[in-house]
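If you're matching them up, the sequences are chains A and B in order. Residues in the first sequence are numbered from 516 upward in steps of one, following our numbering. Residues in the second sequence are numbered from 6 upward in steps of one, following our numbering.
Rather than coming from a laboratory, the hints here were simulated on the basis of the structure. Keep in mind that a hint or two might mislead.
What the hints assert, rightly or not - Computed beta-carbon distance windows for the label pairs:
{"id": "1", "chain 1": "A", "residue 1": "Ser810", "chain 2": "B", "residue 2": "Ala119", "range": "43 to 53 Å"}
{"id": "2", "chain 1": "B", "residue 1": "Val282", "chain 2": "A", "residue 2": "Leu847", "range": "50 to 60 Å"}
{"id": "3", "chain 1": "B", "residue 1": "Gln44", "chain 2": "A", "residue 2": "Arg579", "range": "29 to 39 Å"}
{"id": "4", "chain 1": "B", "residue 1": "Tyr239", "chain 2": "A", "residue 2": "Ala706", "range": "35 to 45 Å"}
{"id": "5", "chain 1": "B", "residue 1": "Asp233", "chain 2": "A", "residue 2": "Arg692", "range": "21 to 31 Å"}
{"id": "6", "chain 1": "A", "residue 1": "Ala611", "chain 2": "B", "residue 2": "Tyr239", "range": "42 to 52 Å"}
What the hints assert, rightly or not - In silico DSSO-like cross-links for lysine-lysine, where the CA-CA straight-line distance does not exceed 27 Å:
{"id": "7", "chain 1": "A", "residue 1": "Lys856", "chain 2": "A", "residue 2": "Lys793"}
{"id": "8", "chain 1": "A", "residue 1": "Lys607", "chain 2": "A", "residue 2": "Lys564"}
{"id": "9", "chain 1": "A", "residue 1": "Lys717", "chain 2": "A", "residue 2": "Lys647"}
{"id": "10", "chain 1": "B", "residue 1": "Lys230", "chain 2": "A", "residue 2": "Lys689"}
{"id": "11", "chain 1": "A", "residue 1": "Lys713", "chain 2": "B", "residue 2": "Lys180"}
{"id": "12", "chain 1": "A", "residue 1": "Lys662", "chain 2": "A", "residue 2": "Lys647"}
{"id": "13", "chain 1": "A", "residue 1": "Lys812", "chain 2": "A", "residue 2": "Lys607"}
{"id": "14", "chain 1": "A", "residue 1": "Lys689", "chain 2": "A", "residue 2": "Lys823"}
{"id": "15", "chain 1": "A", "residue 1": "Lys607", "chain 2": "B", "residue 2": "Lys190"}
{"id": "16", "chain 1": "A", "residue 1": "Lys800", "chain 2": "A", "residue 2": "Lys612"}
{"id": "17", "chain 1": "A", "residue 1": "Lys689", "chain 2": "A", "residue 2": "Lys647"}
{"id": "18", "chain 1": "A", "residue 1": "Lys794", "chain 2": "A", "residue 2": "Lys607"}
{"id": "19", "chain 1": "A", "residue 1": "Lys836", "chain 2": "A", "residue 2": "Lys812"}
{"id": "20", "chain 1": "B", "residue 1": "Lys180", "chain 2": "A", "residue 2": "Lys717"}
{"id": "21", "chain 1": "B", "residue 1": "Lys37", "chain 2": "B", "residue 2": "Lys86"}
{"id": "22", "chain 1": "A", "residue 1": "Lys717", "chain 2": "B", "residue 2": "Lys86"}
{"id": "23", "chain 1": "A", "residue 1": "Lys647", "chain 2": "A", "residue 2": "Lys612"}
{"id": "24", "chain 1": "A", "residue 1": "Lys833", "chain 2": "A", "residue 2": "Lys856"}
{"id": "25", "chain 1": "A", "residue 1": "Lys689", "chain 2": "B", "residue 2": "Lys180"}
{"id": "26", "chain 1": "B", "residue 1": "Lys180", "chain 2": "A", "residue 2": "Lys691"}
{"id": "27", "chain 1": "A", "residue 1": "Lys812", "chain 2": "A", "residue 2": "Lys856"}
{"id": "28", "chain 1": "B", "residue 1": "Lys86", "chain 2": "A", "residue 2": "Lys713"}
{"id": "29", "chain 1": "B", "residue 1": "Lys180", "chain 2": "A", "residue 2": "Lys662"}
{"id": "30", "chain 1": "A", "residue 1": "Lys564", "chain 2": "A", "residue 2": "Lys856"}
{"id": "31", "chain 1": "A", "residue 1": "Lys564", "chain 2": "A", "residue 2": "Lys717"}
{"id": "32", "chain 1": "A", "residue 1": "Lys823", "chain 2": "A", "residue 2": "Lys836"}
Bear in mind the structure is a predicted one, so any value in this text is a computation, not a measurement. From the three backbone atoms N, C-alpha and C, an ideal C-beta is built for every residue, glycine too.
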Amino acid sequence: MAQGMIFPISMAEAEGSRTIYYLIPTLVDEFQTESQRMIESVFSTLNYKVVSVNADGNPELQARQLRNAADDNPAGIIVNAVDALSIGEALKSAQAKGIPILVYDRMLSTDEAFDFASVSNAEAIGQMAANKAIDLLVDIPGSSAQKTILQIVGDPGDTYSLRVLAGFQATLRKHKRINVITVPAMGWEPANARMLAKEHLKLNPDLIFCHSSDLAAAVIPLIEPDIRSHKVAVMAITGAPVGINLLAQGLESFEIEQPLYAQVYGLALGLQGVMDRKKGMPGLKDGPCEILGVSGKLEANGRVLTLKGRPLVREDLKDDKNRAMLGLWGDLARPTMSADKINSLACEGH
Amino acid sequence: MSRAWNLVSDIKAQGQGNLGLNEALQALNRRKIDLGRIQLKDTYLSKVNLPRAILDHADLEGARLEQANLCGAQLSQAILKNANLRASDLRGATLEGANLTGANLRGVDFSPLASEAGEVNGSIPTNLRGANLENADLSGANLAGADLRAARLSGAILFRTDLRGAHLELADFRKAKLDAADLAKANLRAAILSGATLRGARLTEATLTAAQFDDVDAVRADFSKAVDLPVEIYGMEACFDQSSVTQRLCGPPQLTVSGPDPRPQYRDAEHREVPCVR
Chain A
516 MAQGMIFPIS MAEAEGSRTI YYLIPTLVDE FQTESQRMIE SVFSTLNYKV
566 VSVNADGNPE LQARQLRNAA DDNPAGIIVN AVDALSIGEA LKSAQAKGIP
616 ILVYDRMLST DEAFDFASVS NAEAIGQMAA NKAIDLLVDI PGSSAQKTIL
666 QIVGDPGDTY SLRVLAGFQA TLRKHKRINV ITVPAMGWEP ANARMLAKEH
716 LKLNPDLIFC HSSDLAAAVI PLIEPDIRSH KVAVMAITGA PVGINLLAQG
766 LESFEIEQPL YAQVYGLALG LQGVMDRKKG MPGLKDGPCE ILGVSGKLEA
816 NGRVLTLKGR PLVREDLKDD KNRAMLGLWG DLARPTMSAD KINSLACEGH
Chain B
6 MSRAWNLVSD IKAQGQGNLG LNEALQALNR RKIDLGRIQL KDTYLSKVNL
56 PRAILDHADL EGARLEQANL CGAQLSQAIL KNANLRASDL RGATLEGANL
106 TGANLRGVDF SPLASEAGEV NGSIPTNLRG ANLENADLSG ANLAGADLRA
156 ARLSGAILFR TDLRGAHLEL ADFRKAKLDA ADLAKANLRA AILSGATLRG
206 ARLTEATLTA AQFDDVDAVR ADFSKAVDLP VEIYGMEACF DQSSVTQRLC
256 GPPQLTVSGP DPRPQYRDAE HREVPCVR
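Could you build all of it, start to finish, from the sequences and the hints given here?
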């Protein structure tokens, strides 16, 4: 979408709708449940009524939910897509009505019909995980010079996991002695991750890298004695409460926290930017952007905000005072901001 | 209807030829009866006409389903292990998580189903997400635009298979034979092709980000305009044009791959024109 384009004023704006729809892909993990609470909290502070609808992993249901939400002419629709592939047509028809479409967490192709996206920098998370994996594999004892990583990714319909994987593979490509076996946990189901891990444990992986804390939690009971005797290590992404607990217990070696709270404030910033553009104002522009101390960048003509993940190790959690200072979403340390403060969120250069 | 039900549920019908089974199933399907979890192991169902049938979790292991009409059918988690579906019509079918290991899928039409009046989501791609197609024979099958994300295709034969624009993210093609296959504009992001053969295959404009290409034989394959070409390809006698290197060592697939064309000649002419109605 061209920068500076003036969008049609929607029925919603004309009639002053104060309803925001949040389309949830699934509530199978803690990232999703906390995201819902945070979105409802932030947009309620901004005096919007938030209607959250759960697609329960069903892409057809989510497409219908999106059409129904658009029929209501809301002030905006936040889409966290079940399936990046099949949501396109419904997005097009919703955007054609002039309703601001905001993408949260699960990035869509920039060709898709959306106005703004607030997501974590998944490629950078993958690179960070790969670098940590290399460090961990050096520390894991064993006579074999060849090391094996079992990578349990999420659902292939979720581009977040594919982007993490791309960053991970690109960094590990030059390390010929590290063999990576990649398997997908369909629907992000922990039970599927557990089944896949069982199937692949005969390959004696030195490291298991799960794309979510919940997947790691399902796998760890299968290998707990081996983790304790340092034969295998586990690392994960998300920074969910279950992951933080596993890290504190020494059952996970490393966890990358997704910037959940900053991503949600990013949505509020994005909605403001979209509305400004509709009124003929410049809106958001490309450049660095920091929210809640999380650094990120605005790209694609101010249309995509990517925010960095944070690496966490056990030592970060030992001291209660230090831990509280970190404001982890895994501790459900939800920040609060007044409406004025949210409305004054800005990125460099605006 | 009760006679039809008795027939399909009669265990004696299994493995003993048709015995009116096709007609019984067709009658039930015409009435939109849910045939999910039906037990039809080793049955003879050649040319059965079951458009848009609901067959989720059905057990069709070893069934003879040559030239069957299963367009738009729901076959999620169905067991089709070693089934013979040669030249069947599976346009727009849902086969998510189905078990098709060792199945004969030569010349099957898996192309998208054109949308019908009242449908708002456009054409419906065939859904084979997470399906198990290990060691299946998909030679000459039409999988253009199909959703094969995270499908398991290790050891599968995909000789001259049409995979144009197919969604193959995270698909596992280990040791698969993709000789002369057409993968133009396919999305192979994070797909695993270790040990696969791609001799004379066409991968023009395919997305290969984070795909694994170790021990691949891609002699005379065409990677022109492919996105994120893996470094392994640079040393091969293949065709590509990256920013710094251009190499033209590709040719028509028939020059490098021998064997009869398994694609049925009627497919394009007939299946796509036939509306999919019960």
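Hint-by-hint comparison with the structure:
1. The given range of 43 to 53 Å is respected by A:Ser810 and B:Ala119, whose C-beta atoms sit roughly 48 Å from each other.
2. As the Cβ distance of B:Val282 to A:Leu847 is approximately 53 Å, the hint placing it in 50 to 60 Å holds.
3. Between B:Gln44 and A:Arg579 the CB atoms are about 33 Å apart, so this pair conforms to the stated range of 29 to 39 Å.
4. Distance hint check for B:Tyr239 and A:Ala706: the Cβ-Cβ separation is about 42 Å, which falls inside the suggested range of 35 to 45 Å.
5. The supplied range of 21 to 31 Å is met by B:Asp233 and A:Arg692, whose beta-carbon atoms lie about 23 Å from each other.
6. Taking 42 to 52 Å as the suggested C-beta distance range, the pair A:Ala611 and B:Tyr239 conforms, at roughly 45 Å.
7. Taken as a hint, the A:Lys856 and A:Lys793 pair is honoured in the structure, with Cα atoms around 22 Å apart against an allowance of 27 Å.
8. Taken as a hint, the A:Lys607 and A:Lys564 pair is honoured in the structure, with Cα atoms around 24 Å apart against an allowance of 27 Å.
9. At most 27 Å may separate the alpha-carbon atoms for a hinted pair to count; A:Lys717 and A:Lys647 meet this at roughly 24 Å.
10. Distance check on the hinted pair: B:Lys230 and A:Lys689 sit about 24 Å apart at the alpha-carbon level, within 27 Å; holds.
11. Between the alpha carbons of A:Lys713 and B:Lys180 the distance comes to roughly 23 Å, so the proposed pair stays at or under 27 Å and holds.
12. Note on A:Lys662 and A:Lys647: the hinted pairing holds, with a Cα-Cα distance of about 14 Å set against a maximum of 27 Å.
13. With a CA separation close to 26 Å, the supplied pair A:Lys812 and A:Lys607 stays within the 27 Å bound.
14. The suggested pairing of A:Lys689 with A:Lys823 holds, with an alpha-carbon distance near 24 Å, which does not exceed 27 Å.
15. Restraint check for A:Lys607 and B:Lys190: satisfied, since their Cα atoms lie roughly 22 Å apart, inside the 27 Å limit.
16. Pair hint A:Lys800 plus A:Lys612 holds up; C-alpha atoms about 24 Å apart against a cutoff of 27 Å.
17. Taken as a hint, the A:Lys689 and A:Lys647 pair is honoured in the structure, with Cα atoms around 15 Å apart against an allowance of 27 Å.
18. With a C-alpha separation of about 21 Å, the suggested pairing of A:Lys794 with A:Lys607 holds against the 27 Å cut-off.
19. Distance check on the hinted pair: A:Lys836 and A:Lys812 sit about 30 Å apart at the alpha-carbon level, beyond 27 Å; violated.
20. The suggested pairing of B:Lys180 with A:Lys717 holds, with an alpha-carbon distance near 20 Å, which does not exceed 27 Å.
21. Between B:Lys37 and B:Lys86 the alpha-carbon distance is near 25 Å, which keeps this suggested pair within the 27 Å criterion.
22. Straight-line distance between C-alpha atoms of A:Lys717 and B:Lys86 comes to about 25 Å, which keeps the hinted pair within the 27 Å bound.
23. At most 27 Å may separate the alpha-carbon atoms for a hinted pair to count; A:Lys647 and A:Lys612 exceed this at roughly 46 Å.
24. For the hint pairing A:Lys833 with A:Lys856, the CA-to-CA distance comes to about 32 Å; that exceeds 27 Å, so the pair is violated.
25. This hinted pair checks out: A:Lys689 and B:Lys180 have alpha carbons roughly 23 Å apart, not beyond 27 Å.
26. Only pairs whose Cα atoms come within 27 Å are accepted, and B:Lys180 paired with A:Lys691 is accepted, the gap being roughly 20 Å.
27. Between A:Lys812 and A:Lys856 the CA atoms are separated by roughly 20 Å; this keeps the pair inside 27 Å, and the hint holds.
28. Annotation: proposed proximity of B:Lys86 to A:Lys713 holds, straight-line Cα distance about 23 Å (limit 27 Å).
29. Between B:Lys180 and A:Lys662 the CA atoms are separated by roughly 22 Å; this keeps the pair inside 27 Å, and the hint holds.
30. At roughly 19 Å between alpha-carbon atoms, A:Lys564 and A:Lys856 fall within 27 Å of each other, so this suggested pair holds.
31. Among the hinted pairs, A:Lys564 with A:Lys717 is inconsistent with the structure: their alpha-carbon atoms are about 51 Å apart, more than 27 Å.
32. For the given pair, A:Lys823 sits about 24 Å from A:Lys836 by alpha-carbon distance, which is consistent with the 27 Å threshold.
Checked against the numbered hints listed earlier, the structure breaks hints 19, 23, 24, 31; every other hint is satisfied.
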